[in-house]
Structures are given as structure tokens and as C-alpha cells.
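Protein chains in written order, with the working numbering: chain A, 21 to 336; chain B, 613 to 867.
These are computed hints drawn from the structure, not numbers from a lab. Any given hint might turn out to be false.
[To be verified] Simulated restraints, written as ranges between beta carbons of each label pair: (1) B:A836 x A:S164: 36 to 42 angstroms; (2) B:L796 x A:E99: 30 to 36 angstroms; (3) B:M613 x A:E140: 48 to 54 angstroms.
[To be verified] In silico contact screen, one side only, chain A against chain B (beta carbon under 7 angstroms); selected entries: (4) L82; (5) T100; (6) F108; (7) P110; (8) F115; (9) H116; (10) F118; (11) R130; (12) P135; (13) A137; (14) R139; (15) M227; (16) D230; (17) W242; (18) V260.
Quantities reported herein were computed from a predicted structural model and do not represent experimental measurements. C-beta: ideal position from N, C-alpha, C; glycine also.
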Amino acid sequence: MSGGTPIVRVENVVKDFRPGFGLRTKRVLHGISFQVSPGEIFGFVGPNGAGKTTTLKVLMGLIGATSGTARILGHDVRETAFREHVGFLPENPWFHDFLTGREFLRFYARLAKVPRAEREARIDTLLAWVGLAHAGDARLRTYSKGMLQRAGIAQALIHDPQVVFLDEPMSGLDPIGRVEIRDLILRLRDEGKTVFMNTHILHDVEMLCDRVAILVDGRIRWEGRLEEFEREGERKSQVVLANLKPELAERLEQRCQAELRGHGERVELRVAEKDVEGVLGMALGAGAEVVSVTPLRQSLETIFLSAVEGAAGGGR
Amino acid sequence: MTAVLAVAANTFREAIRNRVLYILLAFAIVLIAASMVLSSLSYVEQTRILQNLAFGAMRLFGIVIAIAVGINLIHREVDRRTVYTILSKPVSRTAFLIGKYLGLVATIWLLVAIMAVAFALTSWVGDAPLGLGHLAAVALVGLELAVVVGLATLFSAFTTPMLAALFTTGITAAGHLTRDLLALAAASGDPGVEAVTRWLHRVLPDLESFNLTLHAVHHLPITASDVVLPVFYAIAYTSVLLLLASLIFQRRDFR
Ligand SMILES: Nc1ncnc2c1ncn2[C@@H]1O[C@H](COP(=O)(O)OP(=O)(O)OP(=O)(O)O)[C@@H](O)[C@H]1O
Ligand SMILES: [Mg+2]
């Protein structure tokens, strides 16, 4: 792979599901396109039912796209051999529960063509990485949900793939587990791997991802580097006032389209940065008391919410 | 190839954990043993009746087990989504299907071997003579079951377990009757009926070609072609079944 060639390239992928036996179809993906570059941690976020898992299943060749193309490492996703370089953790993974952790990883190592001589060492490494070294000889049937999730992650990495696809990697993990898996993902990046993760935990995205795409109702609403989020949206400040008269409150709301929360004693306003001075002047002039002024960081959350709301409010 | 064998080994491991299998196997062994009691009710040809009954039990239970175990195993991989991670590795859907098939056949052959031991013991206790013919007959039972597992694999590649069981049972039953139908049609002399039965005989598996019970029990000479032809027939027929299964499985959405 030369430097700039994308690891994942999705172009105009449409997916229709046929819920019943009839001819009626339901469009779940409306022609989505995006790319993931080498060495990136790519966050694919969106509300429940947006189509994240569906996209991942198309990429894994588990379902066929109705139209459009999807390529990984330059290969059409319907091919098989290149999957030697691809790891996958499905959503809510389930495995053959009669196997022990070790047997389970051995099975997947064989499927992934890990040379026999390296298998056992690789299994030990991964059991340690995901914190299951103590449970390698227990059957998966006896694993807790979080332990299964960890086993699933180990399975995805058993063959040291170049690119890893993770569907909700943090789901079911305790706080320590989350930190551990976060570190693991960062370690993968340090090793030069590419990571694609579906999630709706925005905090993880902010901590981990280099680039993000926001999917809403099967359409990509935003795609870019995380810093661009910050530049793009208008910066706002939070202003907290006390002793505010109702008519002033109303006037404030109208004048600078401030969002107003709370009543009487204390009122909290979200004001665009350029309006802060005007709001403060009006408030002080009317005898209100300024409790605090805090610049708000434009978080992924606000962008996410406005993307979702934008889609709901006539965005189509 | 490693992948096919890994899937086959895993399938075998899962299959032999199935309790239903052991219940059916126990039934089969009881029935094989009981054939001795039943045959003692007759005054003539006791040993032949014994072996006939025992072979019948072996074949019948073999078919029931093949269907019961074969139908569920592919469905379960899809239903429990283990197929997601298996196919995300460099494993083609065809390799997966062949692995499942081989694992099931290995399971069924193990059971046939156990039933054959029960058969041999019963024969020995009942003073019925045993020969190479019996071995050939048992081998062909195993071959027939490999075809039945192929049918089960084909149907479970695209339908629900219930329907797959129904179709497999139906075709297996029909596969035992095609020769009789052919004979009946010939007797009827109606060219239309004859054409239909000939066509059926060609499409449906001719499972009676795997039946050497009569030869074995009556110590009739068994020629090489009596064994070799069914082997080729089974390989060819099963290959077609698996090819169809793979074509269908290829197009399937796992959602
Ligand atoms: N097998 C199916 N048949 C019909 N519709 C389906 C099927 N699977 C998913 N869908 C629909 O496709 C849409 C997208 O589902 P998908 O599982 O991709 O969402 P998601 O973004 O992963 O959601 P979540 O965050 O809840 O995991 C949903 O509206 C869902 O109802
Ligand atoms: Mg999902």
C-alpha cells in the first residue's frame, strides 16, 4: 500500500432490505460514500438504527450492497483471500460456547491462516492483551458478557491484521475494561494498523478517533477530522444570571436568540460568543446579577445533536 | 484447506455434544439387539431375519440422526451469528459449507461404526454368520447417509430447519422408492408415466443402490462394481448437491 491509497473505500453504497416476502423494500443505506486512510482510527457514529452495523456487514461481505462499491485494501469486499489482513468484532458477539478461550482462539487462528508454529504464542499474547489470561482454560459458556466481548476482540486480532473493524467495541465492558480496550486500540495505531469503529459513545470517539463520519438515517451527515468539528460550529458561552425579571428574560431571548433555561432565581443562557457583551450589558443595566460566564467547547456531542436534528428537520 | 478442516473439526465437536444424538443411538442399538429377540419368534431363517432387521434399524436410525443433526448445525451457525466471524476470516462460503458437511459426515460415520459393532455383537450372540459382505453393506449404509447429509446441507443452506427436515425426509423417502416406481411404471405400459418415473429416477437420489443388505445376508457374491459404482454415484451426486448449496449460500444475506 502506498501512503495515500485508502484502506477502506466506500462509494455510493445503497442497501435495501426486504422485511417480508413481498416486493416492498426498506432503504437502510441511501448511497453512502467515505474513505479511511492508512493508520487512522476512524469513528463511525450515529443514533440507533442509523445503519452503522449494516454498513459494517456490507464491508465484511455478510450482506450484499444493493448498488455501489465497497473496497478494503483495494479488494472488492466480496473477495475472500484479502481477509487474512482484516479483523472483525461483530456487535454483541456470540461464539461456540463449548470451546475454552484457548480452543476458541486456536480455531480462529486456523481459519485466519496463522502459521502453526506461531499459534500458541499468539494466543498467549492476545489472552494477556484483553485481560483473559486467567480464563484461557475456562469454557466460553462460563464467560460473562464483558469477557465474551474481550474474547471477541482477541479473535479479531489473532492474525495481526492490518485493519480492524469493531462494532461497538466498548459495549458490555466495565470502566477498567474500557480503559484497557482504549489502550489496546491506541497500541494498534502505534503499530501502524488502521481501526474502523462503530460507536455511539462520543467520549470514546473524542479520545480515540482521528476522523469521524456521522451517519443519520442511512446518510452521512458529516465527515472529517475531529479538529474541524471545533472550527466549524459557532462557539458559544454559557452565561448564568440571577435576579432576572421575567420581561428582561423575554427580551434577552428575542434579542440574541439566546437559549434560556431555568426560572426565577437563576437563569442559564447559551449565547453566541459575539453576543456575550450585549447580553451582559442588558442584564447589568436591568439590575440582574452575573453569576458566571463560561466559554463552551464545541463538543462532538453538540455537532452530533445538530446533525441528528438537522436530519429530522426537513434535512431530506 | 486448513479452514475446511478447522470448520469440520469444530462441527464434529459440536455435533457429538448433542444429547439427542445419544438418545437416538441408544434406540438404534436397542433395536439392533431386539432384532435378535424378534427373529427368535420365527422357526426358519432366524439368522437372516435377524440381520435384515438389524440392517433396517441401522439404516433407519442413521437417516433420522443424519437429518436431526445435519439440519440444525448450519442453522445454528447463522442464528447464533458465529458465521459472522468465521466468514470475516479468509474462509469462503463454499469452504465453510464443505467444512460443515465433512464434519457432519464424520459424525455420522462414527455412529455407523458404533452401530456396526452393535450389529456384529448381536450377530455373534445370535450365531449369525458374518463376512466381508456385511462390511461392504455397512460401508454402503455410510455412503447413503453421506448423500442424506448432503441433502440436509443443501436445504439448510436456504430454508428453516423445519422445512429443511421436511424436504430432506421427503426426498430420502422418495429416493428409496424410485426403483419401485420405475418397475411399476414399466408394468403399467403407459409411456407418459414411464417418462415421468424415469425422470424422477434420474433427479432423485437412487438410494436403493446403496442397499447390499440382501447380498450380505444371503451370502450372495458381491462384485467390485457393486461397491465401486455406488461410491462414484455418491461422490457425483453429493458434489452436485454441495455445488447447488454453495451457489445458494453464496447469495445469502446474513442479517
Ligand atoms: N434484517 C433486517 N431486516 C430489515 N431491516 C433491518 C434488518 N436489519 C436492520 N434493519 C434496519 O436497518 C436499519 C439500520 O440498522 P443497523 O443495525 O445498521 O443500525 P445501527 O446504526 O447499527 O444501530 P445501533 O446503534 O442500534 O446498533 C434499522 O432501521 C433497522 O430496523
Ligand atoms: Mg449496530
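Discussion item. Could you work out which of the previously given hints the structure breaks and list their numbers from low to high?
Written reply: Of the numbered hints given earlier, those the structure breaks are 1, 2, 3, 12, 13, 14, 15, 16, 17 and 18, listed in rising order.
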